[in-house]
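Student: Given only the sequences and the hints, what does the whole structure look like? Please build it.
Residue numbers (our numbering), protein chains in the order written: chain E, 1 to 264; chain S, 1 to 150.
No wet-lab data here; the hints were simulated from the structure.
Don't take each hint at face value.
[Stated by the list, open to error] According to the in silico footprint, chain E covers these stretches of chain S (three or more CB under 8 Å from chain E):
| no. | stretch |
| --- | --- |
| 1 | 30 to 41 |
| 2 | 111 to 125 |
| 3 | 135 to 142 |
Where is the CB? At the ideal position from N, CA and C, for every residue including glycine.
One letter stands for each residue in the lines below.
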Amino acid sequence: MKVPIRMTGIATSVLWIFLIIFCVSALYSLKDVQVQFGEPRISLTQDNEMLFSLPIGIFNNGLYNLGRFNVTTVIMGQQDEMLARGSTSLPIISKGEAVNITHQMTVNLTSLLSTYQNLLFNDTELQINATASITAAEVIPVQVSSNLSIPWGAPLYDFTLGPPEFTVIGEANSTVSCRVDVPLSFENHAFFDLAGTVRLRMYNGTNVFTSEGEVAIEVGQHSFYQGSLELYLPASFATRNGYFEVYFSTSLFSNGPLVIPYDT
Amino acid sequence: MTRETGTDSKSNIRRIVRKALKATIKGAVFYVVYIVLSQLLAPISEYVPNIQQIIETFATVYVSLVIVTELASGTIFQYVLNTAKSLFVIAYVILSLKTGVFALTAENMSLVIDLRLFLAIGMLLGLLGLAKSVMQTINYVNERAELTQL
Chain E
1 MKVPIRMTGI ATSVLWIFLI IFCVSALYSL KDVQVQFGEP RISLTQDNEM
51 LFSLPIGIFN NGLYNLGRFN VTTVIMGQQD EMLARGSTSL PIISKGEAVN
101 ITHQMTVNLT SLLSTYQNLL FNDTELQINA TASITAAEVI PVQVSSNLSI
151 PWGAPLYDFT LGPPEFTVIG EANSTVSCRV DVPLSFENHA FFDLAGTVRL
201 RMYNGTNVFT SEGEVAIEVG QHSFYQGSLE LYLPASFATR NGYFEVYFST
251 SLFSNGPLVI PYDT
Chain S
1 MTRETGTDSK SNIRRIVRKA LKATIKGAVF YVVYIVLSQL LAPISEYVPN
51 IQQIIETFAT VYVSLVIVTE LASGTIFQYV LNTAKSLFVI AYVILSLKTG
101 VFALTAENMS LVIDLRLFLA IGMLLGLLGL AKSVMQTINY VNERAELTQL
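Tutor: In structure tokens, the structure reads:
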């Protein structure tokens with residue numbers, strides 16, 4: 001009986017020592033793992049999708065290999081719903097190895113802007129849930145998660161229609177016509193250029209449709225746009241007040257009607 | 001007769017001194033291991049605030065049990081204390097690691113370390129130690145019974 005007892009004792013002690021040394025050294029070597037995050041970039045793909053890129057550099061200077069490195073980012077909506085998700089994985093990072101990867105996530109801008117129309121007009125911050133996980137020494141799962149925010153610039157920031165200017169332009173078939181000049185301005189705070197059209201439908205004070213017109217716009221990123229739109233209507237339809245319905249149509253999004261009242 | 005009594009008391013003193021010396025050496029070895037471990041875990045203790053306290057409490061109780069067990073060697077109490085030591089290890093591993101998942105939150109960041117595998121291995125090793133203690137106790141009682149019969 002003494003031999004099995006002794007053997008059990010030796011086996012237990014050896015396994016305890018091995019377990020403690022392995023566990024401590026695996027956790028200890030995590031401090032020698034350097035993870036560097038580069039500057040996040042946002043760009044537009046050829047498919048008109050927003051591409052979020054985050055360069056990540058990992059230098060495993062620890063004692064063991066690192067397994068199953070994974071970075072997952074999720075863009076959350078205002079009601080905490082998931083708008084987009086991206087994931088980047090590396091099966092193994094050997095000890096002494098330096099790895100540079102770029103984590104990418106694409107967001108369908110058309111869908112995003114049609115769901116959240118306030119993003120067209122208001123600058124805000126997009127909330128990103130970022131989770132990085134790794135298995136230290138390929139055995140101990142470690143997970144770090146954080147909330148980040150990236151600034152969102154509205155493509156139609158501060159969209160304004162100025163007071164319409166009515167000008168009588170002539171008389172034809174006993175009907176007096178007039179031209180209406182509507183000044184419009186906005187700032188493109190977005191990271192993409194804006195090209196498309198702005199269409200106005202004019203309604204007078206008695207809710208009668210009076211005229212419509214369209215203007216092409218082409219505004220570079222972080223640029224200010226100021227222009228005007230001409231509408232023609234019979235003078236008898238013109239009233240001092242009423243409202244405009246504004247429709248936007250670009251390659252990235254279509255929006256409307258945005259109702260803006262006028263009062264001259 | 002007087003000489004025999006003197007020899008007995010001398011050997012008793014020698015045995016006690018040997019036990020005390022062995023207990024001191026074992027205690028010192030475990031203490032050195034504890035010091036080395038706590039040094040190694042110092043960087044981690046910045047992130048896990050109570051890890052130092054967990055290890056300190058464990059080391060204190062364990063080293064005390066090792067010393068007392070060594071002093072009680074050769075008696076039934078040695079095996080009782082050995083069993084108590086094994087049970088303490090199992091209970092402490094379960095209590096300190098709880099579910100085996102450590103979750104920490106600092107500012108805007110949360111860290112989760114999954115030590116369930118080590119919890120399971122630790123518990124199995126604790127059970128192995130408990131089995132050894134039980135076997136030692138049975139062996140001791142068996143030997144005593146044989147001596148009594150003789």
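Student: Against this structure, judge whether each hint is valid.
Tutor: Structure-based check of each hint:
1. Interface restraint, the stretch 30 to 41 of chain S with chain E: holds (3 residues with C-beta to C-beta distance below 8 Å; minimum three).
2. Three residues within the 8 Å Cβ limit are the bar, and the stretch 111 to 125 of chain S against chain E gives 10, so the coverage statement holds.
3. Restraint check on the stretch 135 to 142 of chain S versus chain E: 5 residues with Cβ-Cβ distances below 8 Å, three needed, restraint holds.
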